[in-house]
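Use the sequences and the hints to build the structure in full.
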Amino acid sequence: MSVQQYLEKHMLSRKIEDAVNAAVRAKTPDPVIFISHHMRKSVPSVITKIKARQILDSRGIPTVEVDLFTNKGMFRASVPSGDTTGMYEAVDLRDGDKGTFLGNSVTRAVKNINEKISEALIGMDPTLQSQIDQAMIDLDKTEKKSELGANAILAVSIAACKAGAAEKEVPLYKHIAGISGETNLTLPVPAFTLISGGKHAGNHLAIQEIMILPIGASRFEEALQMGSETYHHLKAVITEKYGAHECNVGEDGGFAPNVSRQVPPLERRPGPFKRGYQQNRAVITEKYGAHECNVGEDGGFAPNVSRQVPPKHAVSLYDMLLSVDSLKEGLDLLKEAISRTGYNDRIKIAIDVAASDFCIEYPVVSIEDPFDKEDWEHVKHFFSLGICQVVGDDLLMSNPKRIQRAIQESTCNALLLKLLRIEEELGDQAVYAGQDWKLLRIEEELGDQAVYAGQDWKVSS
Numbered sequence: 001m002s003v004q005q006y007l008e009k010h011m012l013s014r015k016i017e018d019a020v021n022a023a024v025r026a027k028t029p030d031p032v033i034f035i036s037h038h039m040r041k042s043v044p045s046v047i048t049k050i051k052a053r054q055i056l057d058s059r060g061i062p063t064v065e066v067d068l069f070t071n072k073g074m075f076r077a078s079v080p081s082g083d084t085t086g087m088y089e090a091v092d093l094r095d096g097d098k099g100t101f102l103g104n105s106v107t108r109a110v111k112n113i114n115e116k117i118s119e120a121l122i123g124m125d126p127t128l129q130s131q132i133d134q135a136m137i138d139l140d141k142t143e144k145k146s147e148l149g150a151n152a153i154l155a156v157s158i159a160a161c162k163a164g165a166a167e168k169e170v171p172l173y174k175h176i177a178g179i180s181g182e183t184n185l186t187l188p189v190p191a192f193t194l195i196s197g198g199k200h201a202g203n204h205l206a207i208q209e210i211m212i213l214p215i216g217a218s219r220f221e222e223a224l225q226m227g228s229e230t231y232h233h234l235k236a237v238i239t240e241k242y243g244a245h246e247c248n249v250g251e252d253g254g255f256a257p258n259v260s261r262q263v264p265p266l267e268r269r270p271g272p273f274k275r276g277y278q279q280n281r282a283v284i285t286e287k288y289g290a291h292e293c294n295v296g297e298d299g300g301f302a303p304n305v306s307r308q309v310p311p312k313h314a315v316s317l318y319d320m321l322l323s324v325d326s327l328k329e330g331l332d333l334l335k336e337a338i339s340r341t342g343y344n345d346r347i348k349i350a351i352d353v354a355a356s357d358f359c360i361e362y363p364v365v366s367i368e369d370p371f372d373k374e375d376w377e378h379v380k381h382f383f384s385l386g387i388c389q390v391v392g393d394d395l396l397m398s399n400p401k402r403i404q405r406a407i408q409e410s411t412c413n414a415l416l417l418k419l420l421r422i423e424e425e426l427g428d429q430a431v432y433a434g435q436d437w438k439l440l441r442i443e444e445e446l447g448d449q450a451v452y453a454g455q456d457w458k459v460s461s
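So that you can map any letter, position 195 of the sequence shown is 195 in full-length UniProt numbering, and since no number is skipped, the others follow by simple counting.
Don't take every hint at face value.
[Claimed, not checked] Within a straight-line C-alpha distance of at most 25 angstroms, the following computed SDA-like cross-link-like pairs (lysine to any residue) qualify:
| # | residue 1 | residue 2 |
| --- | --- | --- |
| 1 | 144 | 374 |
| 2 | 41 | 76 |
| 3 | 328 | 258 |
| 4 | 41 | 7 |
| 5 | 51 | 76 |
| 6 | 174 | 45 |
| 7 | 111 | 418 |
| 8 | 168 | 78 |
| 9 | 199 | 332 |
| 10 | 144 | 401 |
| 11 | 51 | 138 |
| 12 | 72 | 21 |
| 13 | 401 | 134 |
| 14 | 418 | 442 |
| 15 | 116 | 56 |
| 16 | 72 | 134 |
| 17 | 335 | 219 |
| 18 | 15 | 28 |
| 19 | 458 | 185 |
| 20 | 111 | 57 |
| 21 | 27 | 168 |
| 22 | 328 | 248 |
| 23 | 98 | 56 |
| 24 | 168 | 23 |
| 25 | 168 | 48 |
| 26 | 458 | 415 |
| 27 | 51 | 69 |
[Claimed, not checked] Here are the in silico distance ranges between beta carbons for each label pair:
| # | residue 1 | residue 2 | range |
| --- | --- | --- | --- |
| 28 | 456 | 55 | 30 to 40 angstroms |
| 29 | 123 | 221 | 38 to 48 angstroms |
| 30 | 447 | 405 | 35 to 45 angstroms |
| 31 | 381 | 123 | 46 to 56 angstroms |
| 32 | 21 | 146 | 52 to 62 angstroms |
| 33 | 405 | 21 | 52 to 62 angstroms |
| 34 | 386 | 143 | 31 to 41 angstroms |
| 35 | 219 | 252 | 22 to 32 angstroms |
Read the hints as simulated data drawn from the structure, not as lab findings. A quick note: this is a predicted structure, and the numbers were derived from the prediction, not measured. Glycine residues also receive a C-beta, built at the ideal position from the N, C-alpha and C atoms.
And the structure:
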């Protein structure tokens with residue numbers, strides 16, 4: 001085949017001529033690079049290959065990593081390993097062989113990607129995110145994604161999203177915003193886990209996490225600074241109070257000092273605490289204790305009580321929390337650390353709660369799963385009091401049907417979305433969380449157009 005025949009067969013003569021004309025019109029100083037880029041854009045991007053493998057996550061647990069190839073490059077994504085299971089959750093597919101990684105291997109999910117998902121998606125346009133996600137959902141056919149595995153579907157979806165952004169030649173966050181139809185971009189308030197307890201640490205703290213939200217910052221960059229400074233001041237406070245040997249960290253990175261054991265059971269609290277509802281204060285029922293409570297205020301303390309406390313009498317949630325010495329001790333540590341940063345006015349400690357006539361030392365503004373995950377009645381009643389934000393985690397399990405029920409029944413006003421739990425339109429919704437969002441760089445790129453949520457941290461966009 002002659003050169004001329006080759007050019008004609010692939011219609012290259014016309015394409016080259018168009019590229020040269022475009023370079024002339026643009027008066028580009030480097031026509032070779034311009035023409036190369038122009039030719040690249042003229043070829044539609046398609047998925048050509050998908051390769052998955054098993055890797056270890058930050059906790060040393062196997063998880064899925066995917067390399068997705070198009071005719072314009074390779075795009076990689078991985079997913080966190082799921083640490084919770086529930087009857088309503090999408091399936092984080094594991095091998096179950098206790099002799100290998102204690103049953104946590106994901107070779108089945110990897111095989112599903114390399115064989116089934118790869119075959120279904122090759123040739124698809126990576127910019128069509130919804131179609132890619134729907135193709136995987138249709139391929140699985142199960143309600144909880146137990147055939148392919150939610151971890152397999154999510155990893156491929158994120159990799160495809162990155163490829164779609166590259167094809168459009170826009171940053172990933174702008175591509176995701178375009179998919180979701182968002183035009184107003186707001187940088188979120190970061191939540192810093194500073195103290196760990198419960199099942200996430202080996203101490204006596206009956207709280208899973210104590211977090212801070214730097215809502216008083218004016219920019220995301222400043223919020224990171226506030227969180228970092230508070231963290232290091234907290235380390236100094238713990239060292240002074242308990243010694244350097246108590247500065248170990250828990251599973252989520254928060255300090256895990258060996259604080260006091262719990263005080264005697266709550267059933268010894270006097271009868272007057274039964275009037276919790278009348279005082280616009282939550283009550284704990286005989287059936288359930290608060291098991292994952294986030295405690296906070298404007299500055300965002302948000303611990304999760306990880307163990308249930310079944311009192312004989314109904315007591316106010318506030319009194320229940322403050323009857324636990326370990327919680328008071330943990331909050332006092334953080335209070336001192338914040339004081340040392342000088343950010344008291346922007347990470348507040350005391351506010352007026354729910355129009356009550358007193359100001360408490362550790363106000364509650366955000367509570368996660370205040371009651372058992374099936375106790376819809378009491379969660380709904382607690383939310384109706386208007387005391388604070390109520391977050392549904394185990395209550396909702398990122399399950400669309402449970403989320404819809406919560407909306408219809410006004411059960412809570414916030415959702416803790418865990419990507420591996422969600423069952424429908426996994427990728428199309430999950431990639432919005434943006435594993436690869438480098439928020440500091442995004443803020444820098446947006447410049448004067450960057451908006452930090454700050455005081456509006458609870459307001460949806």
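(message) Hint compliance check: list the failing hint numbers for this structure, sorted ascending.
(response) none
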